[in-house]
Structures are given as structure tokens and as C-alpha cells.
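Protein chains: 2
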Amino acid sequence: MCQLLGMNCNTPTDIQFSFEGFAKRGGLTDEHVDGWGIAFFEESAARCFIDHRPASDSPVAELIRNYPIRSCNVISHIRKATVGQVKLQNCHPFIRELWGQAWVFAHNGDLKNFAPTLQGDYLPIGETDSEQAFCLLLQTLKNEFGYRNAENRPGAKEIEAVLRPVCEKIAEHGTFNMLMSNGQTMYTHCSTKLEYIVRAYPFKQAHLVDCDLQVDFGTVTTQNDRVAVIATAALTDNEVWTPFDTNSFVVFEDGRPVLKNGVETTL
Amino acid sequence: MCQLLGMNCNTPTDIQFSFEGFAKRGGLTDEHVDGWGIAFFEESAARCFIDHRPASDSPVAELIRNYPIRSCNVISHIRKATVGQVKLQNCHPFIRELWGQAWVFAHNGDLKNFAPTLQGDYLPIGETDSEQAFCLLLQTLKNEFGYRNAENRPGAKEIEAVLRPVCEKIAEHGTFNMLMSNGQTMYTHCSTKLEYIVRAYPFKQAHLVDCDLQVDFGTVTTQNDRVAVIATAALTDNEVWTPFDTNSFVVFEDGRPVLKNGVETTL
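Residue numbers (full-length UniProt numbering), protein chains in the order written: chain H, 1 to 267; chain A, 1 to 267.
If you're looking for bench data, these hints aren't it; they were derived computationally from the structure.
Only true hints are included.
Identical copies go unnamed one by one, so any copy, or any two together, can satisfy a pair.
Simulated crosslink set (DSSO-like; lysine-lysine; CA at most 30 Å straight-line): (1) LYS193 / LYS112; (2) LYS142 / LYS87; (3) LYS169 / LYS260; (4) LYS87 / LYS112.
Small disclaimer: the values here were computed from a predicted structure and weren't measured.
Can you make the complete structure from the sequences, with help from the hints?
Structure below.
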């Protein structure tokens with residue numbers, strides 16, 4: 001199995017505090033030693049750092065810990081190999097272009113007897129069931145909405161309505177907890193385990209579960225900032241994280257959930 | 001304008017020596033300060049590091065200098081912005097998936113009045129003419145060969161025959177020196193300036209142009225290794241580099257040119 005970390009914000013934010021604890025699970029506080037990756041959006045482009053070495057011991061992870069990259073949407077993943085060997089092409093997140101935007105995807109869970117028919121617009125490069133699921137999601141969006149560009153892309157609500165039933169179908173094959181973003185919106189599906197927290201004014205102190213590190217968000221934020229952090233398991237031990245419902249699909253925008261199973265949430 | 005660096009080898013090789021000199025041109029020995037990037041293939045997957053900071057001063061470039069990544073195909077680019085702002089989405093190399101393989105592309109030169117019709121399978125994420133050219137090349141391959149996968153992908157000779165005339169058409173709009181790879185083969189087009197060198201047994205010493213650094217390749221290679229390095233301008237001052245012919249298309253495999261303007265070369 002693997003672990004997921006996502007961040008969705010209303011203002012570009014660095015993820016160093018959360019990543020510090022999360023990366024420890026890649027070999028130190030947990031067993032996810034078979035590669036890791038992290039993707040940061042900057043507008044419609046994403047930069048994706050992946051490495052087949054454990055996150056706790058990777059020179060690339062060391063870079064991420066020391067080089068603050070501010071982003072409104074971040075997806076990270078640490079891997080415990082179940083399907084597919086430990087090599088680069090099997091490391092999440094995966095990235096593809098659709099409608100002139102980068103799309104990034106990471107998955108936690110195993111899928112059994114999962115061999116979707118992919119017509120060829122998006123094909124997996126590696127051997128994981130996860131990348132097949134990602135290709136199926138993008139192919140479905142492309143088939144549903146056709147060729148689109150910056151002028152006429154579908155909105156988050158339309159996209160959600162297409163993605164959600166596909167995720168439910170995929171989840172019939174096993175565990176399908178996933179994070180997916182186009183740099184504007186974070187689409188998430190939880191079949192078993194995912195939690196989130198929204199941090200907003202007044203910001204408080206937070207303390208990591210995985211190492212003795214504390215940050216006072218009040219000193220590094222403004223009154224208008226809002227940040228949603230999503231993780232397989234809570235990253236801090238002095239804040240209240242909200243577990244996702246089983247088999248739920250939640251859409252995050254501007255640092256908060258805006259759609260839960262297709263229903264708009266209120267602030 | 002920009003500068004290009006490519007490497008194509010018959011055995012996974014690290015590019016640290018060449019990158020050391022090349023990165024100096026990103027702000028120290030030359031003016032290419034508007035971002036840079038490098039992509040390494042590992043089998044059919046590629047990892048791409050990009051940064052909007054000058055290569056001579058980038059924490060990501062520092063990582064590349066210190067973390068040897070062995071690869072048979074590498075493409076790097078340092079940017080002097082002409083079209084498109086200095087931001088991440090305009091940094092080369094660009095990357096897309098076709099037929100279950102990552103394809104990587106970088107371009108040196110400016111294109112005037114270049115607005116190809118892109119039907120939508122591949123759309124630019126950023127604002128550069130370069131990314132439009134890349135999308136046009138991939139779209140042309142897809143239209144010509146249709147949906148393919150690992151079982152029935154076209155070979156390098158078939159691909160070259162499709163890419164070469166498109167590159168000639170693009171070069172009518174200005175300067176089009178480019179490197180493009182799917183992890184097996186390096187496709188290159190030179191409209192004005194590109195040089196290469198093939199290093200093979202017996203390996204000799206090489207000394208960089210851009211800084212006082214020397215390496216004895218004999219101590220880090222085996223008799224069977226062969227490495228082709230391609231660059232906008234020769235990286236070493238004690239070896240003989242071969243300039244590309246104007247408006248030529250050269251295909252490299254296993255560390256040597258195998259096709260020049262469609263004609264097979266002999267060892």
C-alpha cells in the first residue's frame with residue numbers, strides 16, 4: 001500500500017511542514033520505501049519530482065525539504081510496491097496533458113482484475129494499476145467533452161459529474177483512494193482511508209505526528225489564506241482532521257471542500 | 001535564444017561532466033538566465049527537472065550536479081526568454097506521452113508567424129512557439145500512425161520519415177534546432193547550429209570550455225561504452241566536435257548517429 005498527501009490553497013503556499021512529516025513515512029516511521037514523488041502546480045504547468053529511492057533517504061526529497069516551492073495545488077505519494085517493480089516508471093504522481101493543462105494523479109490502494117479498455121489517447125508508461133486508472137479517467141473526460149481548450153474547458157462541477165461514477169466503478173476492483181488535479185481544482189475519491197483539514201484564520205500551532213516539529217502558522221500566513229491538506233492519515237497530533245466518508249468523492253477549491261458527492265458545501 | 005544539450009548512449013551514463021559546463025552558460029559564461037530544465041529517461045519513463053531560476057544559481061541544478069542519474073537519453077535546455085514570460089510553463093524540456101512512452105522535446109531558436117492548427121490531442125500548456133512545434137510533431141505522428149502500443153509502435157526509420165518534413169516546414173518560420181526523444185532514439189533537427197561528438201573506446205581526457213574541469217573518461221567507462229553528446233556549441237576544448245549540416249535531420253541510437261537526412265550511416 002502507499003500513502004497520499006495533497007494540498008489545495010487559495011494562495012500559493014509551501015508544503016515543507018507537511019512534507020517533512022510525510023517523507024518520514026517513506027522509510028523511517030513507516031514502510032513506504034519503494035519510491036516517492038511530488039508534483040507542484042504553477043498555473044497550468046506542473047513540475048513533478050520522482051525518485052525510486054525511499055523519501056526518507058532521497059537526495060531529491062532533501063531538495064524539496066530545503067527549497068520552498070509555493071503552489072496552490074500539490075500532490076505527493078510514497079510507495080510500498082505491490083503491483084509493478086521498484087522503478088521510476090511506476091512512481092506516482094503520474095502526469096498527462098488534457099485541454100492544455102497538466103493533470104496530476106496519485107493513488108493509494110490495490111485494484112484486482114482491473115484491465116480497462118484504453119483506446120489509445122492515454123496509455124500507461126509503467127506497469128501499475130494506478131496509471132491505468134488515471135488513463136481511464138482522462139480518456140473518459142476526453143470522450144465526454146471532446147477537444148477543448150482554454151476558452152471552453154468544462155467546469156469543476158461538470159468534470160466531477162463525469163469522474164465520480166468512473167471512480168465508483170474502479171473502486172469495485174479494490175481500494176481506490178486517489179488525488180487528481182489540473183492546477184485549479186483538487187478532485188479526490190476515498191474508498192477506505194483519507195482525511196483532511198482546512199486551516200484558516202485564526203491560524204494556530206501545529207505539531208507533526210512523525211517527528212517532533214512544530215510550526216506556528218499564524219506567523220507565516222495572512223488573514224485571507226486558506227489551506228486544505230489531505231492525507232491518508234493525519235499528519236499532526238494537535239489538530240482535528242476530518243475523515244472522508246467511505247466511497248465519497250470530494251472536490252476542493254480555494255483551500256476548502258466545495259462539492260461532496262456532487263452536493264455543494266457551504267462555508 | 002537558448003542552448004541545447006543532449007546525450008544518447010548505449011549504456012546508462014551520467015551527464016554530470018557535460019552538465020557542469022553547460023549549466024555555467026545559464027548565467028555565468030553566457031546569458032541564458034530565464035530558466036532551464038533537464039529530462040532523464042529511465043526505460044520508457046522520463047523524469048524532468050525544470051526551474052525558472054538561472055541554471056548557474058538553481059537549487060535544482062545543484063541537485064543534478066551532485067546526484068548522478070544514469071540514463072541512455074538526456075535532454076537539457078537553458079533559456080533566454082524571447083517568446084513567453086519567465087515562468088515554469090515556458091521552461092523546456094516539454095514532455096508528453098505517445099503510444100505508452102514519454103516523449104521529451106527542447107528547442108533552440110525563434111519561430112515567426114508560427115501558429116499551427118492543433119486539433120487537440122496535444123495542446124501547449126505554456127506560451128512558447130517551441131511547445132506548439134512539439135505538439136505539432138506529436139499530432140503528426142499520431143495522425144500518421146494512429147493508436148499504437150508497445151506491440152506495434154513504428155520504428156525509428158518510419159518515425160524519422162514523418163518528422164523530418166514537418167521539421168523542414170517548421171524551420172521555414174525561423175530557427176529550429178531541436179532535440180526530441182522517446183527514451184530509445186534521439187531525433188535531432190539542426191537549422192543553424194548544433195554540434196556533436198561520439199566518445200568510444202579508447203576513451204581520452206576531456207576538458208570543459210566553460211570552467212577548468214577535466215575528466216579522464218578512460219577511468220569511468222568500459223570498452224563497450226559509446227556516448228554521443230549533442231550541444232548548441234562544443235562543451236570541450238580539446239576534442240573534435242562535428243558541426244551538423246544546415247537544415248539536417250540526424251537520428252542517434254546507441255551512442256552514435258544512425259540516420260542523416262534519412263540515409264543510414266555506417267560505423
